[in-house]
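Fit chain X to the given chain U structure using the hints.
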Amino acid sequence: MPEAASHSPGTGKPFPSTPKAFAPEDEAALRESLKRCSPSTFESAVQFRKTGNPEHVPAIVIGVIERFVEPDLRVKLKDADDDLRLIEDLGIDSLTMMEIVILVEDVLQMSINNDELRNLRTVGDVKTFIDCKIRGLPLPRPTKFIPIEHIGAVMPVQPPFLFLNEASVSSTAANGKYRISGQEFFLQGHFKDNPVMPASIMLEALGQLAVLYLLEGAPTEPGKVVSAQTIFFTGCEGVRAHRVCRPGDILTLSIKPKRMKMPLATFEGAIRVGQEKAVIVEEITLTYAFVDAVNAPVPINGAYAAPEGENGAMPADAPPLRAAINA
Amino acid sequence: MARVFITGLGFVTSIGNDATTVSRHLRELRHGFELFPPFQKPDIPCKVVGTIKDFSTDSPDPEDWTFPSRYKIKRELLRSMAPNGLFAHCAALQAIEDAQLKEADISNPETGLYAASGGSPFLLHHHHQRLQKLGVMRCSPLGIVASIVGTLNFNLVAAFKILGASCGFSSACASSAHALGYAFDDIVLGRQQRMFVIGAEDGNVDAILPFAGMRTLSLQTDPNLASRPFDTARDGFVGTGGATVLIMESEAEVARRGVKPYAEMLGWGQASDGYNVAISHPEGSGSAAAMVHALRASGVRPEEVDYVNAHATSTLIGDVSEARALRSVFRDSVPDRPVVSSTKALTGHGLSLAGAMESAFSVLALREGFIPGNAHLVNVDPECQGLNLPRTTQERQAGIVLKNSSGFGGANVALVFKRA
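Protein chains in written order, with our numbering: chain U, 1 to 327; chain X, 1001 to 1420.
Be careful, since some hints might not be right.
[Unchecked claim] Computed list of lysine-lysine pairs in DSS-like fashion (alpha-carbon distance at most 25 Å, straight line):
{"id": "1", "chain 1": "X", "residue 1": "Lys1260", "chain 2": "X", "residue 2": "Lys1102"}
{"id": "2", "chain 1": "X", "residue 1": "Lys1074", "chain 2": "X", "residue 2": "Lys1041"}
{"id": "3", "chain 1": "X", "residue 1": "Lys1133", "chain 2": "U", "residue 2": "Lys35"}
{"id": "4", "chain 1": "X", "residue 1": "Lys1072", "chain 2": "U", "residue 2": "Lys76"}
{"id": "5", "chain 1": "X", "residue 1": "Lys1102", "chain 2": "U", "residue 2": "Lys35"}
{"id": "6", "chain 1": "U", "residue 1": "Lys50", "chain 2": "U", "residue 2": "Lys127"}
{"id": "7", "chain 1": "U", "residue 1": "Lys127", "chain 2": "U", "residue 2": "Lys76"}
{"id": "8", "chain 1": "X", "residue 1": "Lys1102", "chain 2": "X", "residue 2": "Lys1041"}
{"id": "9", "chain 1": "U", "residue 1": "Lys78", "chain 2": "U", "residue 2": "Lys277"}
{"id": "10", "chain 1": "X", "residue 1": "Lys1074", "chain 2": "U", "residue 2": "Lys76"}
{"id": "11", "chain 1": "U", "residue 1": "Lys78", "chain 2": "X", "residue 2": "Lys1074"}
{"id": "12", "chain 1": "U", "residue 1": "Lys256", "chain 2": "U", "residue 2": "Lys224"}
{"id": "13", "chain 1": "U", "residue 1": "Lys35", "chain 2": "U", "residue 2": "Lys50"}
{"id": "14", "chain 1": "X", "residue 1": "Lys1072", "chain 2": "U", "residue 2": "Lys35"}
{"id": "15", "chain 1": "U", "residue 1": "Lys127", "chain 2": "U", "residue 2": "Lys78"}
{"id": "16", "chain 1": "U", "residue 1": "Lys224", "chain 2": "U", "residue 2": "Lys258"}
{"id": "17", "chain 1": "U", "residue 1": "Lys127", "chain 2": "U", "residue 2": "Lys256"}
{"id": "18", "chain 1": "U", "residue 1": "Lys76", "chain 2": "U", "residue 2": "Lys35"}
FYI, nobody ran anything at the bench for these hints, they're computed from the structure.
If we strip away everything but chain X, and leave its shape as in the complex, we get:
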């Protein structure tokens, strides 16, 4: 079976728009939160967002958008993008440069692209309003491909002339973790030699605010306190958007191109709660089963895992559920192993983006030899006791990292990475 390596990363996130900045902010535990201007209204209870800097996508017309001048994007491509498509396009350009891919390495039947975003509720709403106000024949011919779920893969596949596998994934906050898993399988099975995996979200009012209706958003007004996974005082997640791109390649391609990978992906697993449409299983049964499946598929024993990048979003129920799952999986492990942290304390919760973003954080930390700590964690929730939750970044080299992701409907994914 082919081995799979991660050879390129690209970031547009609340904690940085390039790998160097992201790495520094992870290590120094500097968050990307701000009081989000559109939320500063009396009728909006939540105030803080993990904001994307240097991009402005407030207008429904992509030609009004501004973004760093190093990205040149033609109108022809821009016109069908949602904000998450713009973020992803820029992140993909970074990842391509990072992996030193040539045009022929990208556009060939052996290279595919899997993507995950929640679509663009913002543009969907805009185009639907236009339809109702002006009639269907005055609607943009590109309104659909710019806004429905799938907009991300439609746009990227066309823009980068992808000829291999392409698909979108929709399992809410597990989406891009699923995309990574199936991309891994495609390379292992020899169906593809290289895969782009992308997670992205608009991170604007229409993408984040609906979660307030579920009472899952933090109502904290202090950006320094809003996202506190595993802490007694946590009160919900902080929304964020952006994009992360990972390039995965077979061992043969890594050797042919002579590039140095970030990490190897050893395997993955998934399992479902079969419990509730939106609430995690109280014992974290699906999450635990996903981790067991992932470790078994990867040939890794629990005690070999050095670091778990947790899904923990800073919600009351979710963090406890995952803590219980972690305790059950690692109960026979060496004391204090593995280190557990949630980088959502720094970024907020990226929804469909989360799995890809945090996997990229994990492999970045693997290559640079540190383990991010738990920012903003002061008092560990008694329900989350028994885990090694360091408050500060550990300056040490991990060997094996496990990444958890969970989504609505009780979908759970666990991914295993190894130092290359």
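Chain U on its own, in the form it takes in the complex:
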């Protein structure tokens, strides 16, 4: 599976290969463009334009995002981690995203295509994206959204023991949702006349999301894929349940890889219901192994291509995502 998504023309072009001379009138224009940003944002932008040093980029990007966030939400950006979500946490809609992009383009003197923006969901996504563009690196693989039928097709675990309704997987994290329907067989006995989702099952759900990450998002070696038959639970640490979850609750699950070294993959995980913490897992560790790509079934990628491409069948050697985009 290729690490980088295929790009639109023009992306991945390093900028600036050599910084352009930064004239006083450029500084005046930059000051005008950034007049509603913090002074440190302006300073970082001046430094970047003078030196082309990409280390200034995160401060500029955060400064520009901050300028477009409602004042009462700006505090969230102060010590934001990269998981801070643009829409849900910062109230940034697609139009505001465009405003951010136009200002970033203006300040960094770069061009960003519309289709490159769709996959940016978190502050971390934006920082990584801009950084890759500046350094001329291939863009990270965009987050994939995986509907229930594809989860079922890919996962070794099956109903009635599958606890994911939908999921999204990127190369750095996986997120999922599960709605406690009340029809789960174990709720008849857990507890008597008092259905409560078992904490052990919630841990299982996080484990399942980690399995999906290994199958769909994890980096592999060339010509290899992770074999679904090789993934097993080995251990967990620091599990805490904070909230009783009942039928009707929608569990929002998230995992992030902490360490990946064959044959062990360690993740941190969390479950929320709305904004309330439900379960935190400091570490959950799975074993896994690779098999040769040719021997592995590949419904995983084929699932994302439209059933009928332009010419009917896709060339067998086409990188899956490119095939999907061309379809």
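The following block gives chain X in isolation, referenced to the frame of chain U:
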């Protein structure tokens, strides 16, 4: 058929930014004109504008604008507004408070919003310049919704979470009168229980100055003499901007909420000149027909009308045309009835805003029991003789008021209001 009442008003106008101030200035005949700083240049022949006070919208960037601190507007809403959108938003907040509407009264499928403005030539020009200078991908994603005709309804419907009917009206200076008429129909027909009707204009250089090219603007340099409807010495209209919001409700809603309305709207009518793209019919035939239609639809005889708030803008042709229309409609009426005045002598001509603004003036005067006089009128143009044009405000209670509006293309609207 449902009866329709006006239950809330909001104003950002050259003669005041709240109903109390507006009412006082109407009664005392105090105008809102000033020498407009951007017009004080040798190559600009007209000098006077009905200015909006306490608002500054000179910058094309809404985040630079200043407005009274009692209005809190988030950047998210402000960024897509034209100046007329800001004025209207503030006026709508006043009207909502005035009508004592709760959030649930505003955002429901039975409550709609009709609006009229000429868009924002100012912002259209700004964004178009940016497009040409920096390329299309550096243009604000909100440039279009902030500037094209319709910007007013786009912004207000989204900001106030309107779920009922919504539409913009574009018949130039008859626009917001049309909006009132169709809003009335929607309530009468039971399609809606409540309607917001809004007229607004930027009132800045780009909105007003193009009319100088038509030679329709007054070139007077004295703010006290510039707007003189029906006067021999009138020489054109004075531009103005701002916003006015009227809230109209069905009888059932008025009863349910237990509020005291300003006035009842009885009906309306319209007719066209079919004559010229910009010049009024010399005999005022369309305007007369609109008044006849409005009175017939309202079940009102001409002699029952106490006051006509005229469209008269202080232009040479327009005022005469309307005077002739009024004489023909009221020729068999009781002598000296109705009283006729044009409040544009105080405010200037608000273009798309005019119909809503002057209807709101009319119902305000109905509730407060006075009839505004003709400010600045010294010598009545002989062509406008035969009308009762008092120079001073009449301290008496009118029963029925007729409001005229006319726009380009010879569109004429007449609206009828009754004391509630």
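- Message: Tell me the numbers of any earlier hints that the structure contravenes, in ascending order.
- Response: 2, 5 and 8
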